[in-house]
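Keeping their order, the protein sequence lines are chains A and B.
Positions 1 to 405 (my numbering) are the ones given, in order, by the first sequence.
Positions 1 to 405 (my numbering) are the ones given, in order, by the second sequence.
Check before you lean on any hint, since a few could be wrong.
Mimicking EDC-like on lysine to aspartate or glutamate, the simulated pairs with C-alpha atoms at most 16 Å apart in a straight line are [stated by the list, open to error]:
| no. | chain 1 | residue 1 | chain 2 | residue 2 |
| --- | --- | --- | --- | --- |
| 1 | B | K331 | A | E405 |
| 2 | B | K230 | A | E87 |
| 3 | A | K332 | B | E405 |
| 4 | A | K148 | A | D265 |
| 5 | B | K332 | A | E400 |
| 6 | B | K257 | A | E118 |
| 7 | B | K158 | A | E118 |
| 8 | A | K158 | A | D32 |
| 9 | A | K331 | B | E357 |
| 10 | B | K332 | A | E405 |
| 11 | B | K331 | A | E357 |
| 12 | A | K332 | B | E87 |
| 13 | B | K282 | B | D391 |
| 14 | A | K331 | B | D361 |
| 15 | A | K332 | B | E400 |
| 16 | A | K332 | B | E330 |
| 17 | B | K331 | A | E330 |
| 18 | B | K217 | A | D32 |
| 19 | A | K331 | B | E405 |
| 20 | A | K332 | B | D359 |
| 21 | B | K131 | B | E118 |
| 22 | B | K332 | A | E330 |
| 23 | B | K25 | B | D222 |
| 24 | A | K230 | B | D391 |
| 25 | A | K217 | B | D359 |
| 26 | B | K331 | A | D361 |
| 27 | B | K332 | A | D361 |
| 28 | A | K158 | B | E357 |
| 29 | A | K331 | B | E330 |
| 30 | A | K332 | B | D361 |
Non-contacting residues of chain B with respect to chain A, defined by C-beta distances greater than 12 Å in every case (computed) [to be verified]:
| no. | residue |
| --- | --- |
| 31 | Q67 |
| 32 | Y78 |
| 33 | G124 |
| 34 | G238 |
| 35 | G389 |
Simulated coverage check for chain A against chain B, where a stretch passes if three residues somewhere in it have a Cβ under 8 Å from a Cβ of chain B [unchecked claim]:
| no. | region |
| --- | --- |
| 36 | 47-53 |
| 37 | 142-155 |
| 38 | 165-172 |
| 39 | 199-210 |
| 40 | 299-309 |
Derived from the structure by calculation, the hints contain no laboratory data.
From the three backbone atoms N, C-alpha and C, an ideal C-beta is built for every residue, glycine too.
2 protein chains.
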Amino acid sequence: MEFLKAVSSLEALAMINSFRADPAKETIGINDALHRILAEDILSVEDIPPFPRSLVDGFALKVKDIQGAKETTPLFLYVQGEIRIGEAPRVELEDGKCVYLATGAMIPEGADGVVMQEFVRAAGDAIEVTKTLHRGENICFQGEDIAKGAVVLQKGRKLSPFDIGVLSVIGRPIVPVYKLPVAGVISTGDEIVSAEETPPLGKIRDINGHTITNLLKGNGADCSFFGIGKDTVDSIAGKLHLARECDLIILSGGSSKGQRDYMADAITRLGGEILFHGINIKPGKPTIFGKLWGKPVFGLPGHPNSCAMVMMRFVLPLLRKLKGEEGYREKKMAGILSTNIPSTSGVEEYVKVATREADGDCYVSPVFSKSSVISSFVGASGYVIIPEGKDGCEKDERVEVHLFE
Amino acid sequence: MEFLKAVSSLEALAMINSFRADPAKETIGINDALHRILAEDILSVEDIPPFPRSLVDGFALKVKDIQGAKETTPLFLYVQGEIRIGEAPRVELEDGKCVYLATGAMIPEGADGVVMQEFVRAAGDAIEVTKTLHRGENICFQGEDIAKGAVVLQKGRKLSPFDIGVLSVIGRPIVPVYKLPVAGVISTGDEIVSAEETPPLGKIRDINGHTITNLLKGNGADCSFFGIGKDTVDSIAGKLHLARECDLIILSGGSSKGQRDYMADAITRLGGEILFHGINIKPGKPTIFGKLWGKPVFGLPGHPNSCAMVMMRFVLPLLRKLKGEEGYREKKMAGILSTNIPSTSGVEEYVKVATREADGDCYVSPVFSKSSVISSFVGASGYVIIPEGKDGCEKDERVEVHLFE
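Only chain A is shown next, with the shape it has when bound in the complex (with noise of 0.2 Å):
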């Protein structure tokens, strides 16, 4: 009965990844905008750098006027004068002449080489040239770093640091982005007491809690916490409703089979579907998920070594979705097995693993627990999932090791 709609890894997945997600925009100052995503395609309506400019301190000077100077045969250049930095030329370059700048200084009309100081000789109003130049050499051209009308970040893009350098030079202080979503975050269970209390015998600290809204948080997310609900359905829909504004809703608790029992009633009482009850992984296998106020909601298992392996492979891929991210790519890293990992066969499994690294290669090796340890997140570095079809791993075997962030 409990698991009638256990569905695989994939499946889940799929249904997650099915809701439809429309998030807000608004604007917003670059400075304030790192880590948010793009609302639109950002174009630049400039070219950078806006002019020629000189990658050296050097001599602007045309290329046809030094054809065949060498260190024992230089050629002569006179001095027009000099381009400061940050100053538009006033003159053309004349014939036979050249004009002293340093790097990032514009580059004037008629020049198309820059020969750097190194390869000239001061000789009174006029120099020598010891070397010839190809077309263009020395010169960062106009457009030549980012083109007038070119898309310079896509929509959906989640911004970097240098990203933000990107929009400031192409004048774009104020960016489209979307609005944060908003998650409320509820634990659940008659046996949770919060961290500033001192639990009677019999009853534990709310673990979930804190777990749940600090991977939401460090994902960009806007999240409330809306306390420790009773093991009763009454007590759970009163928290739900309580969080009905929000974007996502994720229930934790229920280790036994009557608590998750009232989480799935609470979820239908308030007239929300159960979309699945139930994946084929290990841990995590009692996980809830539906829609409830045309939102989705979770109902996350009460082991926090479960709780955890959920957030991480479910809800989170969900929140990107809802913030408009697209492109995510997780980080992973190649590594061999330093120990066999044993494994259920028919569920997807996944282990968490400490790294070593050593002679440039990664070991890999298991951190076993039981499931309702947490303990175990703080010496491993992230996970290794082993397939449904796949009878665990060998040692010296190669796995991806995907990394907490």
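Mind docking chain B on chain A? Use the hints.
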């Protein structure tokens, strides 16, 4: 003259790391502590779990009472009652009896195993047990997750969402962390205008101020931007003075030799000391590092590409030290080069790369750019280091990609 004090990248890092950091502490609530650095070792003053708990829904019993139980020859136990989740047992388990409990409920005194509901048949006030157990089966013992007195999280650790769960369960709702270091950022250059301005011919909008500020913010600094200084010693000294209360000062600018001299002169005029001027790296050679008012000060190259690389390789490691962070591990990925990369012998070279996964391997291609170009960061996901003594890398060579974070 200019590169009189040029050093190798290892020498530069050694000088940077020789700065003594003594970050101040503060105490904050765990819900504000994500990614903050622990200022003390955290010991648990309690066993976690604080009592033995059942890992399954079933019946707590004395293992000796069901020796030899089988499907065909089940053994009977009288049901003494039920222990509800979150409740302390009122009685001790008697010989020949059992107690019903759900996952997470406390194991009563006298019980040393829990048989899962699946291996039990109801028989009035009693149950038939169809399976033997080993001692301790399906029990998570008191202190098995975290033992009283154990150091659970070490000083210098950057707090993860899982760590915050651990702090909650051991009853540490507030924690000692290091204060965020305050970084002061200054752009310089007569050619630089702010993101909000329309640059007149010959000028360009600031990039580095934004890239530096956001790299620092994303890595846990409290950041102040003091605006854009002109190319005079007076102007730069004035800006430095504004930043005198900061724990770390970062100037950028100076594509030309003249501009770089203004930065170095301003630092020394205010009584500071230049520790090195020039690192044998590419890009990023004209990097200045010094000490001013006892604090570290960097003069970063004006080329945005150089500036960003020096930030990642040399400034962020110092920031982590100033934060009190220990045990940092860079995120790296092994990959196969899909093309040759030439390099300049005698300098340590950083080559930005794009990565592509195919058939379980990661293919790495360089993203070449002139050093003035910031847009090349948009298409790259990390960089490869070519050591000083190595002449480039060859197609199909295995390389290590340092990932942007």
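So, going through the hints one by one against the coordinates:
no. : hint            : verdict
1   : B:K331 x A:E405 : holds, 10 Å
2   : B:K230 x A:E87  : holds, 13 Å
3   : A:K332 x B:E405 : holds, 13 Å
4   : A:K148 x A:D265 : violated, 57 Å
5   : B:K332 x A:E400 : holds, 13 Å
6   : B:K257 x A:E118 : holds, 13 Å
7   : B:K158 x A:E118 : violated, 48 Å
8   : A:K158 x A:D32  : holds, 13 Å
9   : A:K331 x B:E357 : holds, 12 Å
10  : B:K332 x A:E405 : holds, 13 Å
11  : B:K331 x A:E357 : holds, 12 Å
12  : A:K332 x B:E87  : violated, 43 Å
13  : B:K282 x B:D391 : holds, 13 Å
14  : A:K331 x B:D361 : holds, 14 Å
15  : A:K332 x B:E400 : holds, 13 Å
16  : A:K332 x B:E330 : holds, 12 Å
17  : B:K331 x A:E330 : holds, 12 Å
18  : B:K217 x A:D32  : holds, 10 Å
19  : A:K331 x B:E405 : holds, 10 Å
20  : A:K332 x B:D359 : holds, 15 Å
21  : B:K131 x B:E118 : holds, 10 Å
22  : B:K332 x A:E330 : holds, 12 Å
23  : B:K25 x B:D222  : holds, 15 Å
24  : A:K230 x B:D391 : violated, 66 Å
25  : A:K217 x B:D359 : violated, 34 Å
26  : B:K331 x A:D361 : holds, 14 Å
27  : B:K332 x A:D361 : holds, 11 Å
28  : A:K158 x B:E357 : violated, 20 Å
29  : A:K331 x B:E330 : holds, 12 Å
30  : A:K332 x B:D361 : holds, 11 Å
31  : Q67             : holds, 25 Å
32  : Y78             : holds, 23 Å
33  : G124            : holds, 22 Å
34  : G238            : holds, 18 Å
35  : G389            : holds, 17 Å
36  : 47-53           : holds (count 5)
37  : 142-155         : holds (count 5)
38  : 165-172         : holds (count 8)
39  : 199-210         : holds (count 12)
40  : 299-309         : holds (count 3)
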